[in-house]
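> All chains, please: the whole structure from these sequences, using the hints.
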Amino acid sequence: MSAPVAVRPTSPPPAGAGAPVRRRRPRTPIVVGALLGALLLSAVLSIGFGAEPLPPRVVLEVLDHRLLGGTADPTWDAIVWDIRLPRTLLAIVVGAGLAIAGTGIQTLVRNPLADPYLLGVSSGASVGATAVITTGLFAGAGLWALSLGALAGALAAALLVFGIAMAQGGLTPLRLVLTGTVLSSAFSAFASFLVFRSSDPQAAQSVLFWLLGSLSGAAWDQLLLPTATVAIVGGLLMAGCGWLDALAAGPDTAAALGVPVRVLRNVLFVLLAALVGVLVAVAGGIGFVGLILPHVARLLVGARHRAVLPVAALAGALFLVWVDVAARVAVRPTEVPLSVVTGLIGAPIFLLLLGRRTYRFGGSS
Amino acid sequence: MTHGARFPAPADDPRIPHLQARGLACDVGGRRGRRVLADVDLAVRHGEMLGVVGPNGTGKSTLLRVLAGVRPAAGGEVRVDGTPLAGRSPRDRAREIAMVGQEEQPQSDLLVGEVVALGRTPHRPPWAGGDDAERDAVLRALAAVELDHAVDRSVEQLSGGERRRVLLARGLAQEAPLLVLDEPTNHLDVRHQLALMRMIRRLERTVVVAIHDLNLAMAVCDRVAILHDGTVHADGPPEDVLTPAAIREVFGVEAVPVRHPDTGHVHLLFTTHEPADDRC
Ligand SMILES: Nc1ncnc2c1ncn2[C@@H]1O[C@H](COP(=O)(O)OP(=O)(O)OP(=O)(O)O)[C@@H](O)[C@H]1O
Ligand SMILES: [Mg+2]
Numbered sequence: 005m006s007a008p009v010a011v012r013p014t015s016p017p018p019a020g021a022g023a024p025v026r027r028r029r030p031r032t033p034i035v036v037g038a039l040l041g042a043l044l045l046s047a048v049l050s051i052g053f054g055a056e057p058l059p060p061r062v063v064l065e066v067l068d069h070r071l072l073g074g075t076a077d078p079t080w081d082a083i084v085w086d087i088r089l090p091r092t093l094l095a096i097v098v099g100a101g102l103a104i105a106g107t108g109i110q111t112l113v114r115n116p117l118a119d120p121y122l123l124g125v126s127s128g129a130s131v132g133a134t135a136v137i138t139t140g141l142f143a144g145a146g147l148w149a150l151s152l153g154a155l156a157g158a159l160a161a162a163l164l165v166f167g168i169a170m171a172q173g174g175l176t177p178l179r180l181v182l183t184g185t186v187l188s189s190a191f192s193a194f195a196s197f198l199v200f201r202s203s204d205p206q207a208a209q210s211v212l213f214w215l216l217g218s219l220s221g222a223a224w225d226q227l228l229l230p231t232a233t234v235a236i237v238g239g240l241l242m243a244g245c246g247w248l249d250a251l252a253a254g255p256d257t258a259a260a261l262g263v264p265v266r267v268l269r270n271v272l273f274v275l276l277a278a279l280v281g282v283l284v285a286v287a288g289g290i291g292f293v294g295l296i297l298p299h300v301a302r303l304l305v306g307a308r309h310r311a312v313l314p315v316a317a318l319a320g321a322l323f324l325v326w327v328d329v330a331a332r333v334a335v336r337p338t339e340v341p342l343s344v345v346t347g348l349i350g351a352p353i354f355l356l357l358l359g360r361r362t363y364r365f366g367g368s369s
Numbered sequence: 399m400t401h402g403a404r405f406p407a408p409a410d411d412p413r414i415p416h417l418q419a420r421g422l423a424c425d426v427g428g429r430r431g432r433r434v435l436a437d438v439d440l441a442v443r444h445g446e447m448l449g450v451v452g453p454n455g456t457g458k459s460t461l462l463r464v465l466a467g468v469r470p471a472a473g474g475e476v477r478v479d480g481t482p483l484a485g486r487s488p489r490d491r492a493r494e495i496a497m498v499g500q501e502e503q504p505q506s507d508l509l510v511g512e513v514v515a516l517g518r519t520p521h522r523p524p525w526a527g528g529d530d531a532e533r534d535a536v537l538r539a540l541a542a543v544e545l546d547h548a549v550d551r552s553v554e555q556l557s558g559g560e561r562r563r564v565l566l567a568r569g570l571a572q573e574a575p576l577l578v579l580d581e582p583t584n585h586l587d588v589r590h591q592l593a594l595m596r597m598i599r600r601l602e603r604t605v606v607v608a609i610h611d612l613n614l615a616m617a618v619c620d621r622v623a624i625l626h627d628g629t630v631h632a633d634g635p636p637e638d639v640l641t642p643a644a645i646r647e648v649f650g651v652e653a654v655p656v657r658h659p660d661t662g663h664v665h666l667l668f669t670t671h672e673p674a675d676d677r678c
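Note that the protein sequences, when read in sequence, are chains Z and R. Read in our numbering, the first sequence has 28 at position 24, and its numbers run on one by one without any break. Read in our numbering, the second sequence has 559 at position 161, and its numbers run on one by one without any break.
To be clear, the hints were calculated from the coordinates, so they are not data collected in a lab. Small disclaimer: the values here were computed from a predicted structure and weren't measured. Positions of the beta carbon are idealized from the N, C-alpha and C atoms, including for glycine. Treat the hints with caution; some may be incorrect.
Covered stretches of chain R, as calculated for chain Z (at least 3 residues, CB under 8 Å) [to be verified]:
hint	segment
1	478-492
2	500-507
3	515-521
Partial chain Z-side listing against chain R, Cβ under 7 Å, derived [said to hold, decoys possible]:
hint	residue
4	G244
5	W247
6	A250
7	A259
8	R302
9	A307
10	P337
Printed below as a string of structure tokens:
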């Protein structure tokens with residue numbers, strides 16, 4: 005609502021009500037601009053962190069060399085361009101994707117506690133990934149085997165949740181939450197069973213590391229699929245932001261406002277399942293990002309999707325860039341799984357949000 | 399009080415009702431739901447204001463949802479200007495009929511203006527919103543419910559009755575010729591109840607309103623339909639329909655009609671010495 009007031013208010017505020025307390029909200033373009041700037045800066049700085057700390061000057065030199073034809077030391081070039089830059093870019097893509105997915109799912113199921121993994125997609129992916137780790141499934145695909153297994157598991161799980169919810173009468177919020185939660189537990193149990201049965205003592209460790217999320221395998225050729233998925237799904241959600249606003253107000257309200265609720269829900273489910281499936285396949289399960297950042301965005305710019313989606317995406321990207329930095333410098337020379345970091349940072353943030361009386365987690369008060 | 403249309407029908411044939419239900423059946427509770435209404439016949443002329451009354455749980459809200467096309471009919475059909483509602487796209491339908499439900503609550507974390515702007519959804523593509531023309535429509539709608547000064551406030555800072563009026567403004571901002579309102583006067587103080595109903599009358603729109611206050615219905619509606627036992631028990635001018643006999647039969651309450659000494663309007667006084675039966 006940035007348009008100038010064209011109609012003068014006719015009635016004054018009721019006498020005795022005092023000056024209305026207005027919650028000051030920064031304008032969305034300003035927030036988006038600030039986040040973009042912070043993200044660019046963070047990306048450059050984050051590349052400097054790692055086993056071999058690099059000053060930003062070296063990072064910029066390499067970027068200048070690669071993009072604008074300057075000169076740079078080949079050693080630094082290899083570290084920055086081949087290893088750290090793809091990793092930072094993957095953090096940006098995955099962080100943005102998780103925040104978008106979280107925003108979408110919270111609208112789809114109308115539940116502020118929903119996170120992207122609610123649809124059972126991630127536990128399905130974990131079954132696939134565990135099967136790959138413990139049984140050597142897809143061994144022919146080499147490095148891609150794990151992602152392939154996770155993606156296959158994710159899509160199978162999404163189909164199952166979708167099928168069961170539809171068979172019971174449609175994707176209503178409650179049914180989706182319950183079906184997703186129940187099937188998630190079942191898939192997790194199955195994944196645990198696979199680990200338990202496995203004779204490989206390393207399996208449990210690898211599965212756990214994967215389940216808790218990591219960007220350690222990032223490489224240029226891994227970036228295309230998640231980037232395209234996040235861009236397409238994010239773009240489509242933005243294209244339906246007005247309808248998403250109506251859906252967030254409730255199914256009957258949305259229907260009264262001329263939104264094809266059933267179609268919108270089905271499309272939303274498919275988009276979110278594809279997005280989360282791809283994200284889980286490349287980065288494992290990263291908790292808290294998709295749960296919290298939509299709330300942070302709503303707190304900043306209000307609940308309209310037109311504002312929330314870009315702000316949440318940028319904030320998610322920014323958040324995950326620094327989470328990944330923390331994950332790789334905290335316990336050198338090993339890496340901490342991302343969920344460990346997001347959990348440790350995320351829980352206090354969530355409690356902080358809970359403490360704010362002006363924020364109601366999107367619910368009707 | 400004038401009964402009947404307040405302005406000429408825009409349709410080619412004034413005999414075609416603006417909104418018509420024929421043999422309408424309504425279920426609640428999804429696919430294997432329960433039938434709450436069967437064989438409902440209603441016709442609302444252009445510009446007419448129809449009040450729907452009946453005890454709790456008779457299916458007023460259910461009927462209104464089906465009339466507004468928000469839920470599908472289980473049988474029979476709804477026609478708008480003579481053409482079936484079922485054939486229209488949701489968007490076309492929402493430009494024709496606006497509805498505000500009984501239990502709706504505006505989402506928190508939205509400004510009052512943003513809640514009202516939701517009413518513009520059927521008038522814009524799904525990706526657009528918030529231009530100058532929309533701001534005008536939003537402020538007009540808010541002015542009608544006397545809340546235009548609150549346009550930039552958070553809905554959380556409003557009282558229950560003010561929130562109710564904001565939701566009504568959303569329905570008004572939809573600028574549809576047909577307005578379906580489910581107990582719009584809930585939570586409103588006595589002045590706003592009257593002011594709101596009079597404002598709705600002045601809109602020159604066709605209105606279907608579920609209402610519990612029989613005196614208010616009597617005062618503002620052109621016609622009243624009583625729902626009872628799953629169908630329309632009576633339908634006609636308020637004073638003909640809301641008789642002591644009908645009220646006793648439907649609500650189990652004794653009513654005494656009294657003429658107002660100044661206006662001559664009929665008001666109902668209810669006696670409570672007898673416990674109402676507990677059917678609902
Ligand atoms: N989802 C549901 N599942 C099962 N029964 C339902 C459902 N919703 C409503 N009902 C039942 O349908 C009947 C009609 O409900 P409806 O809300 O239309 O009544 P109403 O006339 O609007 O009542 P009130 O005056 O209290 O608003 C009620 O008996 C109610 O118990
Ligand atoms: Mg009702």
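> Does each hint hold? Answer for all of them.
So, going through the hints one by one against the coordinates:
With 6 residues carrying a beta carbon less than 8 Å from a beta carbon of chain Z, the segment 478-492 of chain R meets the three-residue requirement, and the given coverage holds. For the segment 500-507 of chain R, the assignment as covered by chain Z holds, since 6 residues bring a beta-carbon within under 8 Å of that chain's beta-carbons and 3 suffice. Figure legend: the segment 515-521 of chain R, annotated as covered by chain Z; annotation consistent (5 residues with Cβ-Cβ distances under 8 Å, at least 3 required). Annotation: G244 of chain Z was flagged as interfacial toward chain R, and the flag holds, the nearest CB pair being 5 Å apart, inside 7 Å.
The closest approach between the C-beta of W247 of chain Z and any C-beta of chain R is roughly 4 Å, which is under the 7 Å cut-off, so the hint is satisfied. Look at A250 of chain Z: its Cβ gets to within about 5 Å of chain R, closer than 7 Å, so that hint holds up. Interface hint status for A259 of chain Z: upheld, as the beta-carbon distance to the closest one in chain R is roughly 4 Å, under 7 Å. Below 7 Å, beta-carbon pairs count as interface contacts, and R302 of chain Z has one with chain R at about 5 Å; its hint therefore holds.
For A307 of chain Z, the shortest C-beta to C-beta distance to chain R is roughly 4 Å, which falls under 7 Å, so the interface hint holds. Hint on P337 of chain Z is violated. Least Cβ distance to chain R is approximately 44 Å, over the 7 Å limit.
Going through the hint list in order, the structure does not satisfy hint 10, though it satisfies all others.
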